[in-house]
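S.K.: If you read the sequences in order, they're chains A and B. Just so we're aligned: 55 in our numbering is position 55 of the first sequence, and the numbers increase by one with no gaps anywhere. Just so we're aligned: 51 in our numbering is position 51 of the second sequence, and the numbers increase by one with no gaps anywhere.
In case anyone wonders, no lab produced these hints; they're calculated from the structure. Any given hint could turn out to be false.
Since the list can't tell identical chains apart, any single copy or any two copies may satisfy a pair.
Cut-off 20 Å, straight-line C-alpha distance, at most; resulting in silico cross-link-like pairs (SDA-like, lysine to any residue) [what the hints assert, rightly or not]: (1) K212 / L293; (2) K247 / E237; (3) K247 / H188; (4) K212 / S91; (5) K27 / K54; (6) K238 / H269; (7) K27 / D240; (8) K118 / E103; (9) K238 / F187; (10) K42 / P288; (11) K238 / L151; (12) K212 / D66; (13) K247 / H269; (14) K238 / A270.
Below are the chains, spelled out letter by letter.
Number of protein chains: 2
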Amino acid sequence: MLSDSSEQLDFTPEIDMDCYPSRNGQKAQLVDRLDPVTYPPKAQLPPIGQAAIKQYATQGFIVLEDVFTAEEVGNFQAELLRLEEDESIRSSGEIITEPGSDEIRSIFRVHESSPVFKQVAVDQRLASVASYLLGDDVYIHQSRVNSKPGLSGKEFYWHSDFETWHVEDGMPRMRALSISISLTENFHHNGPLMFVPGSHLQYAVCEGSTPKNHFLSSLKAQEYGIPSNDCLQTLIEKGDIVSIVSKPGSVTVFDCNLIHGSNSNITPHARSNAFFVYNSVNNKVVSPFSGLLPRPEHICSRNKINPIISTAKVST
Amino acid sequence: MLSDSSEQLDFTPEIDMDCYPSRNGQKAQLVDRLDPVTYPPKAQLPPIGQAAIKQYATQGFIVLEDVFTAEEVGNFQAELLRLEEDESIRSSGEIITEPGSDEIRSIFRVHESSPVFKQVAVDQRLASVASYLLGDDVYIHQSRVNSKPGLSGKEFYWHSDFETWHVEDGMPRMRALSISISLTENFHHNGPLMFVPGSHLQYAVCEGSTPKNHFLSSLKAQEYGIPSNDCLQTLIEKGDIVSIVSKPGSVTVFDCNLIHGSNSNITPHARSNAFFVYNSVNNKVVSPFSGLLPRPEHICSRNKINPIISTAKVST
Chain A
1 MLSDSSEQLD
11 FTPEIDMDCY
21 PSRNGQKAQL
31 VDRLDPVTYP
41 PKAQLPPIGQ
51 AAIKQYATQG
61 FIVLEDVFTA
71 EEVGNFQAEL
81 LRLEEDESIR
91 SSGEIITEPG
101 SDEIRSIFRV
111 HESSPVFKQV
121 AVDQRLASVA
131 SYLLGDDVYI
141 HQSRVNSKPG
151 LSGKEFYWHS
161 DFETWHVEDG
171 MPRMRALSIS
181 ISLTENFHHN
191 GPLMFVPGSH
201 LQYAVCEGST
211 PKNHFLSSLK
221 AQEYGIPSND
231 CLQTLIEKGD
241 IVSIVSKPGS
251 VTVFDCNLIH
261 GSNSNITPHA
271 RSNAFFVYNS
281 VNNKVVSPFS
291 GLLPRPEHIC
301 SRNKINPIIS
311 TAKVST
Chain B
1 MLSDSSEQLD
11 FTPEIDMDCY
21 PSRNGQKAQL
31 VDRLDPVTYP
41 PKAQLPPIGQ
51 AAIKQYATQG
61 FIVLEDVFTA
71 EEVGNFQAEL
81 LRLEEDESIR
91 SSGEIITEPG
101 SDEIRSIFRV
111 HESSPVFKQV
121 AVDQRLASVA
131 SYLLGDDVYI
141 HQSRVNSKPG
151 LSGKEFYWHS
161 DFETWHVEDG
171 MPRMRALSIS
181 ISLTENFHHN
191 GPLMFVPGSH
201 LQYAVCEGST
211 PKNHFLSSLK
221 AQEYGIPSND
231 CLQTLIEKGD
241 IVSIVSKPGS
251 VTVFDCNLIH
261 GSNSNITPHA
271 RSNAFFVYNS
281 VNNKVVSPFS
291 GLLPRPEHIC
301 SRNKINPIIS
311 TAKVST
């Protein structure tokens, strides 16, 4: 069973082989996931309970409440405000604005550009969970704050992060996960993250190709690398849809291949979440499987594999 | 108190006076509603309970569960499908498509073009509630099916229907209401109707003017006749936001001036609701207060005031 990886001790990814072809002329289809969801842990003590680990394996996500205190979240919010107003970050190309407005949709590479989020990235409350589930030392593949502004925040269409990271960044196998921290309350009505439980166990091969410099438009509104309607219907009929309604300071851990998306936000309540993507150090990116040039370093850590978080360190 | 109208027996609207100016150069602001919400009933027996009537008066809406049976809803859905595929309706100009696609967003004037929805418009389960709350004989000011398609349905931004009906159609006073029938399940995640409870007790004067033939674009995505951010914030801080999550066959009654909107729908679950707007026969439209030409008959009944629903009839 894919989700129970305890017997797969000898997993060694073939990193240069395209094990998950997509956008290569194939018809849209669902194929089986080739990789475990959870890996044999190196750390001695599980940082979360067995029920949570099982839910992560079968559903593809877990929500951990009250991980950060109100004071910590206040600091994160203040830091986000500072980043949004920082001219050097505004002009760095590391900010994505909403389609049709100048409002900030995403700020990338916050684990390097922000001293506050740099600390968060290596915080044991996150890193220990990541390294435990992935059974390896981990590093930050990508970090960002998605700030869905009130009144005008637009949707993020359904996608598997891994499909993009594989095709556009060259992430070889599924041995990565995202941890999202709720910086504001995520209500039902302000465009919360929606998951398709169980969808991580299949891989939705996408049609179409990858335009050059796709990231310049895809991060505003994704048009390539999205599952077909039929694939999506099949996954949702099987797994349904779960909206992640959460309080500030709660944490959502989800598999790199879990299908997710979110609706627009016409309410005045901004919906901001900080994302840290942890990847196994044995799953570093190679050349993009699209054959195109790699995306910029602020979207995908390629040269700066930093910080490497040791399981030995986080398990103490 | 405005919402308790039982003492206001002598209400006679001055129909040619612009009692609710908007988009006329004034600054955006909230002003008091001049009209009652509920009117002294002519019908003898209340068709809904006192608690529901009180909620309607104070909150501006009520939800009535299980009004139509599964069989009836099945007929409505089949009729909607027939209308969507009817070439004569497709070419009539009475259909609005989604911004950026050919998918149907709204079909207007269904109380005349469809034998099925014609019956629904005069169904006593709806009409008796409308005439009771408005204390008068009523007619259909507008009818439509809003079909928010799955995967690609876009948002309806916050607005008061009355503001548009007043400025663009010449509806003199607030003595109208909408009844919405859920034709599909309205989940939290497929762009359900969202209300700002209590917002109907104030009138949000809007800035800007009204472009000629505004309806050609406004029914796809509204840009004029929307409350300012400040007005919206104030109303939402006071009343919060309620999402109308409802089963097929349930009915939502809401005041003509209640601020409402809905988010987009990236889920595969279409969200279709049929709307019937009942107006008091003593509140028929006059010339639009914008000074522009009236909108077409299929958006606003001006010449064909039909059917007139008598309270005497519906109260039996």
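S.K.: All the hints need checking, so say for each whether the structure fits it.
M.R.: Going through the hints against the structure:
1. For a Cα distance limit of 20 Å, the shortest separation of K212 from L293 inside one copy, 8 Å, qualifies, whereas the shortest one across copies, 49 Å, does not.
2. In the homo-oligomer, the alpha carbons of K247 and E237 lie at most 20 Å apart only across protomers (18 Å), although the nearest pairing inside one protomer, at 28 Å, exceeds that limit.
3. In this assembly of identical chains, K247 and H188 lie within 20 Å of each other by CA distance both inside one copy and across copies; the values are 12 Å within and 17 Å between.
4. For the identical chains of this complex, K212 and S91 are neighbours neither inside a copy (22 Å) nor across copies (40 Å), given an alpha-carbon limit of 20 Å.
5. When the C-alpha separation of K27 and K54 is checked against a cutoff of 20 Å, the pair qualifies neither within a copy, at 33 Å, nor between copies, at 57 Å.
6. Proximity of K238 to H269 under the C-alpha cut-off of 20 Å is restricted to the inter-copy arrangement: shortest distance 14 Å between copies versus 32 Å within a copy.
7. Proximity of K27 to D240 under the C-alpha cut-off of 20 Å is found in neither arrangement, the shortest distances being 24 Å within a copy and 46 Å between copies.
8. Taking CA atoms no more than 20 Å apart as the test, K118 paired with E103 passes in neither setting, with 24 Å inside one copy and 45 Å between copies.
9. When the C-alpha separation of K238 and F187 is checked against a cutoff of 20 Å, the pair qualifies only between copies, where the shortest distance is 17 Å, while the shortest distance within a copy is 25 Å.
10. For the homomeric pair K42 and P288, neither the shortest alpha-carbon distance inside one copy (29 Å) nor that between copies (73 Å) is at most 20 Å.
11. Only between protomers do K238 and L151 lie at most 20 Å apart by alpha-carbon distance; the minimum there is 17 Å, versus 33 Å within a single protomer.
12. Taking the shortest Cα distances, K212 and D66 never come within 20 Å of each other, neither inside one copy (42 Å) nor across copies (53 Å).
13. Taking CA atoms no more than 20 Å apart as the test, K247 paired with H269 passes inside one copy only; the shortest distance there is 13 Å, against 27 Å between copies.
14. Taking the shortest Cα distances, K238 and A270 sit within 20 Å of each other only across copies (18 Å), while inside one copy they are farther apart (31 Å).
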